[in-house]
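Residue numbers (this note's numbering), protein chains in the order written: chain B, 1 to 137; chain Y, 138 to 309.
Think of the hints as simulated: they come from the structure by calculation, not from any bench. Accuracy of the hints is not assured; some may be wrong.
Estimated spans, in silico, between C-beta atoms of each pair [what the hints assert, rightly or not]:
hint: 1; chain 1: B; residue 1: Ala66; chain 2: Y; residue 2: Lys141; range: 54 to 62 angstroms
hint: 2; chain 1: B; residue 1: Arg84; chain 2: Y; residue 2: Met199; range: 33 to 41 angstroms
hint: 3; chain 1: Y; residue 1: Gly267; chain 2: B; residue 2: Pro61; range: 42 to 50 angstroms
hint: 4; chain 1: B; residue 1: Glu40; chain 2: Y; residue 2: Phe165; range: 38 to 46 angstroms
hint: 5; chain 1: B; residue 1: Glu51; chain 2: Y; residue 2: Leu207; range: 47 to 55 angstroms
hint: 6; chain 1: B; residue 1: Arg54; chain 2: Y; residue 2: Arg298; range: 53 to 61 angstroms
hint: 7; chain 1: B; residue 1: Arg3; chain 2: Y; residue 2: Phe206; range: 43 to 51 angstroms
hint: 8; chain 1: Y; residue 1: Ala153; chain 2: B; residue 2: Glu53; range: 41 to 49 angstroms
hint: 9; chain 1: B; residue 1: Ala66; chain 2: Y; residue 2: Leu145; range: 49 to 57 angstroms
hint: 10; chain 1: B; residue 1: Leu19; chain 2: Y; residue 2: Arg298; range: 24 to 32 angstroms
hint: 11; chain 1: Y; residue 1: Cys295; chain 2: B; residue 2: Ala66; range: 46 to 54 angstroms
If you want a taste of the chain Y side facing chain B, the calculated C-beta under 10 angstroms gives, among others [unchecked claim]:
hint: 12; residue: Lys141
hint: 13; residue: Leu156
hint: 14; residue: Tyr160
hint: 15; residue: Ser236
hint: 16; residue: Tyr244
hint: 17; residue: Ile248
hint: 18; residue: Ala251
hint: 19; residue: Ala262
hint: 20; residue: Thr265
hint: 21; residue: Leu266
hint: 22; residue: Ala270
hint: 23; residue: Leu272
hint: 24; residue: Pro276
hint: 25; residue: Leu278
hint: 26; residue: Leu279
hint: 27; residue: Gly280
We put the beta carbon where it would ideally sit given N, CA and C, even for glycine.
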Amino acid sequence: MKRMPALKANRWDGAVAVLVVVLAVVCGVLIWGRTANAGELTVVVTADGQEVERVALDAFPDTPRAYSGNGYTLQVSTETDGKRGICVSVSDCPTQDCVHTGTITRAGQSIVCLPARISITLEGETASGDGPDLVIG
Amino acid sequence: MKMKTKQLTLCAVLTAMALALSYVENFFPLSLAIPVPGIKLGLANIVTLFALYALGAGPAMMILIARCFLGAVFAGNMNALIFSVLGGVTAMLVMILLSQIRKLSVYGVSIGGAAAHNCGQVAAAVLTLGNTAPLYYLPILLGVSLFTGALTGLITACLFRALAHTHLMRGE
Chain B
1 MKRMPALKAN
11 RWDGAVAVLV
21 VVLAVVCGVL
31 IWGRTANAGE
41 LTVVVTADGQ
51 EVERVALDAF
61 PDTPRAYSGN
71 GYTLQVSTET
81 DGKRGICVSV
91 SDCPTQDCVH
101 TGTITRAGQS
111 IVCLPARISI
121 TLEGETASGD
131 GPDLVIG
Chain Y
138 MKMKTKQLTL
148 CAVLTAMALA
158 LSYVENFFPL
168 SLAIPVPGIK
178 LGLANIVTLF
188 ALYALGAGPA
198 MMILIARCFL
208 GAVFAGNMNA
218 LIFSVLGGVT
228 AMLVMILLSQ
238 IRKLSVYGVS
248 IGGAAAHNCG
258 QVAAAVLTLG
268 NTAPLYYLPI
278 LLGVSLFTGA
288 LTGLITACLF
298 RALAHTHLMR
308 GE
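Take the sequences, apply the hints, and build the full model.
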């Protein structure tokens, strides 16, 4: 036996917990906060690190579209119950996490299927400054 | 030589226990309640944490690597190896550092390890998928690690209390 650890939680453990909460909040602000929800949403599908689809959410077909990766196939379809979004309706992957994620509707949200190595992300329009600042006349 | 054989045997038993716990936690699919890819209770971390205090950092790291490799072989899924190794090693390094702070109990060390494990797994997912989409789940995973880390810390504390008066803890 190298060393018997302290077995009762104390304020120092609380400090570690607070640190993890702060880290989660900072990550949340940095990752979720940067995705403005203005304008048209774009569905971006990648498989094995390669972008295989980039289409406007409104233009995505109503019939399910199949994407394959790493020997698995995902059926991706749109949901119009309430706000328009996208989901994995059927998958033959072993974990089914992609199906359980449900419908994503906001910019920055992702559905990730690790066994199939497929990710489906909703991208929003960013204020990149490419467009005109002012239109006259 | 006697101690070496005893320590080797203990390492083998702990590796087997970690593998068994990895299998058992499949019966508690946390992802049904929180649909996040790769989310787990992390029960095998009980063994890692126990080994860290009972045997030291070196043997604990060996048990971890053996568990990750054998787990991938038995599951027939070598793709999962990068996730378990990156998550496990990150967690181990953080727990080694935190265990040096004598004022921290197993709870603090366990929570820090669980958070680091999730960070490592998200990094593995980013590397595997080739994009940053998995980062979306990092804040949720960090929040969940508070509960999973506290749970594994609680079980580890119970384990140490139960074994406190055995010859194993007295180092005989």
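Verification of the hints:
1. Ala66/B with Lys141/Y: 54 to 62 angstroms: Since Ala66/B and Lys141/Y have Cβ atoms about 56 angstroms apart, the given range 54 to 62 angstroms holds.
2. Arg84/B with Met199/Y: 33 to 41 angstroms: violated (52 angstroms)
3. Gly267/Y with Pro61/B: 42 to 50 angstroms: Given range 42 to 50 angstroms: violated, Cβ gap about 26 angstroms.
4. Glu40/B with Phe165/Y: 38 to 46 angstroms: holds (41 angstroms)
5. Glu51/B with Leu207/Y: 47 to 55 angstroms: violated (36 angstroms)
6. Arg54/B with Arg298/Y: 53 to 61 angstroms: 56 angstroms Cβ-Cβ, so the 53 to 61 angstroms window holds.
7. Arg3/B with Phe206/Y: 43 to 51 angstroms: violated (27 angstroms)
8. Ala153/Y with Glu53/B: 41 to 49 angstroms: holds (45 angstroms)
9. Ala66/B with Leu145/Y: 49 to 57 angstroms: Because 51 angstroms falls inside the window, the suggested range holds.
10. Leu19/B with Arg298/Y: 24 to 32 angstroms: Given range 24 to 32 angstroms: holds, Cβ gap about 27 angstroms.
11. Cys295/Y with Ala66/B: 46 to 54 angstroms: Taking Cβ atoms as reference, Cys295/Y and Ala66/B lie about 48 angstroms apart, which means the hint holds.
12. Lys141: Hint on Lys141/Y: violated, closest Cβ of chain B at ~15 angstroms, above 10 angstroms.
13. Leu156: violated (19 angstroms)
14. Tyr160: Not OK, violated: Tyr160/Y not within 10 angstroms of chain B, min 14 angstroms.
15. Ser236: holds (7 angstroms)
16. Tyr244: holds (4 angstroms)
17. Ile248: This interface hint holds because 5 angstroms falls under the 10 angstroms limit.
18. Ala251: Cβ of Ala251/Y sits 8 angstroms from chain B, so the hint holds.
19. Ala262: Given a least distance of 6 angstroms, the restraint on Ala262/Y holds.
20. Thr265: holds (6 angstroms)
21. Leu266: holds (5 angstroms)
22. Ala270: holds (4 angstroms)
23. Leu272: holds (5 angstroms)
24. Pro276: Nearest chain B Cβ about 4 angstroms off; hint holds.
25. Leu278: holds (8 angstroms)
26. Leu279: holds (4 angstroms)
27. Gly280: This interface hint holds because 5 angstroms falls under the 10 angstroms limit.
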